[in-house]
Amino acid sequence: MSFKTFSRRGVMKAGVATGAALATPTLFTGAVWADAHTGFTNAPGDSTVTLGFNVPQTGAYADEGADELRAYQLAVKHLNGEGDGGMMNTFSERNLDGTGILGRRVEFVTGDTQTNSDAARASARSMIERDGAIMITGGSSSGVAIAVQGLCQDAGVIFMAGLTHSNDTTGKDRRANGFRHFFNTEMSGRALAPILEANYGSDRKAYHLTADYTWGWSQEGSMRTYTEALGWETVNTVLTPVGAGDFSSYLTPVANSGADVLILNHYGGDMVNSLTQAVQFGLRDLQVNGKQFEIIVPLFSRLMARGAGDAIKGIFGSTNWHWSLQDEGSQAFVRSFGQEYGFPPSQAAHTCYVQTLLYADAVTRAGTFNPCGVVEALEGFEFDGLGNGPTLYRADDHQCFKDVLVVRGKENPESEYDLLEIVEITPRETVTYPVDHPDFQGGALGTCNPGA
Amino acid sequence: MESIILQLLNGLDKGSAYALIALGLTLIFGTLGVVNFAHGALFMMGAFIAVTLNMLLGISFEVEDPTRTDFLGNVMMVDTPYVVHWFGESFGNFLIDWSVPISVVVAIPVMALIGVAMERGLIRFFYKRPHADQILVTFGLAIVLQEIIKAFYGANPIPTPAPDAFVGSFDVGRILGFDAFAIMYPYWRLVYFFFAAVIIGLVFAFLQFTTFGMVVRAGMADRETVGLLGIDIDKRFVTMFAIAAIVAGLAGVMYTPILSPNYHMGMDFLVLSFVVVVVGGMGSLPGAVAAGFLLGILQSFASMTWIIELIPGINQVVIYLVAIVILLTRPRGLMGRKGVMEE
Numbered sequence: 001m002s003f004k005t006f007s008r009r010g011v012m013k014a015g016v017a018t019g020a021a022l023a024t025p026t027l028f029t030g031a032v033w034a035d036a037h038t039g040f041t042n043a044p045g046d047s048t049v050t051l052g053f054n055v056p057q058t059g060a061y062a063d064e065g066a067d068e069l070r071a072y073q074l075a076v077k078h079l080n081g082e083g084d085g086g087m088m089n090t091f092s093e094r095n096l097d098g099t100g101i102l103g104r105r106v107e108f109v110t111g112d113t114q115t116n117s118d119a120a121r122a123s124a125r126s127m128i129e130r131d132g133a134i135m136i137t138g139g140s141s142s143g144v145a146i147a148v149q150g151l152c153q154d155a156g157v158i159f160m161a162g163l164t165h166s167n168d169t170t171g172k173d174r175r176a177n178g179f180r181h182f183f184n185t186e187m188s189g190r191a192l193a194p195i196l197e198a199n200y201g202s203d204r205k206a207y208h209l210t211a212d213y214t215w216g217w218s219q220e221g222s223m224r225t226y227t228e229a230l231g232w233e234t235v236n237t238v239l240t241p242v243g244a245g246d247f248s249s250y251l252t253p254v255a256n257s258g259a260d261v262l263i264l265n266h267y268g269g270d271m272v273n274s275l276t277q278a279v280q281f282g283l284r285d286l287q288v289n290g291k292q293f294e295i296i297v298p299l300f301s302r303l304m305a306r307g308a309g310d311a312i313k314g315i316f317g318s319t320n321w322h323w324s325l326q327d328e329g330s331q332a333f334v335r336s337f338g339q340e341y342g343f344p345p346s347q348a349a350h351t352c353y354v355q356t357l358l359y360a361d362a363v364t365r366a367g368t369f370n371p372c373g374v375v376e377a378l379e380g381f382e383f384d385g386l387g388n389g390p391t392l393y394r395a396d397d398h399q400c401f402k403d404v405l406v407v408r409g410k411e412n413p414e415s416e417y418d419l420l421e422i423v424e425i426t427p428r429e430t431v432t433y434p435v436d437h438p439d440f441q442g443g444a445l446g447t448c449n450p451g452a
Numbered sequence: 453m454e455s456i457i458l459q460l461l462n463g464l465d466k467g468s469a470y471a472l473i474a475l476g477l478t479l480i481f482g483t484l485g486v487v488n489f490a491h492g493a494l495f496m497m498g499a500f501i502a503v504t505l506n507m508l509l510g511i512s513f514e515v516e517d518p519t520r521t522d523f524l525g526n527v528m529m530v531d532t533p534y535v536v537h538w539f540g541e542s543f544g545n546f547l548i549d550w551s552v553p554i555s556v557v558v559a560i561p562v563m564a565l566i567g568v569a570m571e572r573g574l575i576r577f578f579y580k581r582p583h584a585d586q587i588l589v590t591f592g593l594a595i596v597l598q599e600i601i602k603a604f605y606g607a608n609p610i611p612t613p614a615p616d617a618f619v620g621s622f623d624v625g626r627i628l629g630f631d632a633f634a635i636m637y638p639y640w641r642l643v644y645f646f647f648a649a650v651i652i653g654l655v656f657a658f659l660q661f662t663t664f665g666m667v668v669r670a671g672m673a674d675r676e677t678v679g680l681l682g683i684d685i686d687k688r689f690v691t692m693f694a695i696a697a698i699v700a701g702l703a704g705v706m707y708t709p710i711l712s713p714n715y716h717m718g719m720d721f722l723v724l725s726f727v728v729v730v731v732g733g734m735g736s737l738p739g740a741v742a743a744g745f746l747l748g749i750l751q752s753f754a755s756m757t758w759i760i761e762l763i764p765g766i767n768q769v770v771i772y773l774v775a776i777v778i779l780l781t782r783p784r785g786l787m788g789r790k791g792v793m794e795e
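Line order of the protein sequences matches chains H and W.
For reference, each letter of the first sequence is one residue, going 1 to 452 in my numbering.
For reference, each letter of the second sequence is one residue, going 453 to 795 in my numbering.
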C-alpha cells in the first residue's frame, strides 16, 4: 500500500463515516424513520440543512418569481427564529419553534427557471448535485413544475410545487416525491361555474382563447366541462402561441362569431395583453344575442391584474389566496410580509411560504429528512391556520384540498394593491373531486424515492 | 366580408410597425452598410421613453388621509402627483393622460442622441469589418440594452395607456355601409396607422426633396464617387443613423398603448423586420415599406380561424414561407437592386 492512498479526503471521509455511525444511536428520536439520517440523497449534517428555491428570476414571470423568492426568504427567517414568526404562530401544528428544521439552521440556494423546462431542470439538478439541496420548491409555470417534479423523483428529493395550476401536476404527471398546495383548473371550474350562472345566466355562447401548453389545455378543458354543464354553448376554441404579444388577429373574429362570452385561458404577460386588447377592441361594449358581452379570466393574479390596469374591472376569475382575507393566518402573513417588504404578498408568495412551512413541519413530525418519511408525514395531513381554512393533503394524488376564492376586478380600487375583490369563498367540499376523476387519469404516484 | 376587412385593418397596424422598423434598418444598411441587429432595441428604447415619461409625470408626494387605512392598518398615505400640485387639477391630469403623445416630442431628441452615441461610440469601428462581426456586435449591444431595461423596469409588461380621448373603438363598418358594430376597430390602432403613414411620408420627402437627401441617396448609390466630389458623406450618414433611430423610437413610443412594453419587445419585432427587409429587397426603402405592410397583412389573414383549421400552424410560419418563395423567385427581393450585398 502506497502512502498516497491516505489522502486528506480519504481520511476525512472515513472520519465522517465513523462519526456518523457513532452518532446514529443518539439520533433515535422519531419512531419509524429514526434510524434513517443516512441512506438518502443529500442527508444534511448536524448544523445546517439546505433548501433549493427554483423560481423564474428572468423571463416573463420574473416578477412573480421575485415575489416567490421574497416569501421563501421570509419563511427561512421565521424557521430560523428571526422576525415575528408569521404563520408559524397560526399554524395548527405547533412543531416549529424557530430553531430551524430538526435543530439544523436553514440555509438556501436559489436557481433561475427562466420559465423554461430545460433551464429549470438544469438549475434544479445543480442545486441538488452541487449545493446538496434536500428539497426543491418553486416555479411559476405548470410545464416547469412537471419537468422539475420528474427530476426530483428521479434524484430522490422532495419537490414542493410553487405556482402551478394545470391538472396534470397532480394528475397524469403526479409523482410520489411531489406535492402541490396550489389549486388547479378543475377547482377553478367548479368554483367559477355557480358564480357565472348567477351573474350571466345559463344561456350563453362562449369563445375560448387558450395558451398552447399543458396549463392552457387543462384550463380550457375544465372551463368547457363546467360551463357546458350550465347549458352554455362553446362556439369556438382557438389555441394561441405563448408570448404572442399582439392578440388582435385572434380577437377580431370574436365579435362576429355569435359568442357573447370570451374566456381567456391565458396567464402572465399573455393575459395582460389579451385582456387589455380585448377591451380596446370594444368587446365589453358589445351587445350580442340581446346580452351584454362578457370576458372571463379563469386564473387571476394580482401581479397580472396590475399589468392589465383598468381592463380588469368587473371581470370574474379564481385565485388561490388573496391578501385581503380576514382569517388569522392570512393576516399574520400579510403583516409579516408587509413589514418586511412594504407591500402585500401575492398568491404566488403565499403558496411558496406555506409549502416551506409544510415541508419543515413534515420533517419535524417524521423526525427525519428522508423523503419517504416526509411523504408519509404529508400524505393525508389535515391542517389549518395557513390562510385557506382547513386543508387536506390528499394521500392519493398529493393535492391540497381547501377553499377556493372567486374574485372580481374591483371597480374603485383604494390603492395600487386593492385590485381584486373576493366575491365568494367556495368551500372545500364543492371543489373536491373524486380520485378517479377522468381528467386526472393516465399516471400514478409510484413509490417514494429516497435516492442514494 | 366583415372579418376580411377586420383582418386587413389588423394587418395594416401590424404592418405599420414592421414598415417603420424595416425602414430604419434599410436606411442604416443602405447608407452605412451596417447590418444593425440592435435596431429592435431602439424600438424598445422608444417604448420605454414613453414608459419613463409616464412614470415621471406620475411622481407623487404622499399625504396622510386619516379617514382611511392601508393594508397593514396604518393611516393611508394618498399619492398626489407633483404635476397636479403644480399645474392644477385639470392641466396636471391632462399632462398625465396625454403622456404618450407628449413622449413623441421628447423621444425625438433623446432617440437622436442615443442614435449618435451608438454610432460614434461603437458602430463606426465596425464599418470596415465583415457583416458577421457587425451582426455579432450589434446583437450583443441589443442584449446589453434589454438587460439594462430589465434591471430598471422589471420583466413584466408595463401598461401605458393612450389618452382617454382615444380609448374605445371606432365603428369602421358604419362608414363602409355595414351594420352598426360589425367592424369595430380601436381608435389608437387607427391613429398608429396614420402616424406611421405620416412618418414614412416625411422620411421619403426628406430624402427626395432636400439637398441633404439627394446627397445621401447619391451616397447610397455610389459612396466612393460622392466622396471624390469632396462631400463628407460620413457626417451625413451619422445624421441618417440618428434619423433611423428616431423613426424606430417613435414607432416604439406610439406602440405602447397597443402592446404593454416589456424588455424583449425589440427582439420580437427585430427578426420579423429583417425578414421584411430581405423580402422588400436589401437597400430598397420603398421595398421595405411595401414588404412591411404585405407581411403584416398576410400574417393577419393567416391567423383567421378557418385558415388555421385548414393548415394548422400556418399563422406561425406564413411570413417565412413567403420569404422563401420570394427569395426563390426573386433572389434580390421585391424591389432589390443589383449589386447590394452581392460583392
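Just so you know, the hints here were simulated from the structure itself, not pulled from any lab data.
It cannot be assumed that every hint is accurate.
Claimed, not checked - SDA-like cross-link-like pairs, simulated, lysine to any residue; straight-line CA separation at most 20 Å:
| hint | chain 1 | residue 1 | chain 2 | residue 2 |
| --- | --- | --- | --- | --- |
| 1 | H | Lys-313 | W | Asp-549 |
| 2 | H | Lys-172 | H | Ala-395 |
| 3 | W | Lys-602 | H | Gly-245 |
Predicted model only: the values in this text are computed from it and were never measured.
Results for each hint:
no.	hint	verdict
1	H:Lys-313 <-> W:Asp-549	19 Å, holds
2	H:Lys-172 <-> H:Ala-395	15 Å, holds
3	W:Lys-602 <-> H:Gly-245	17 Å, holds
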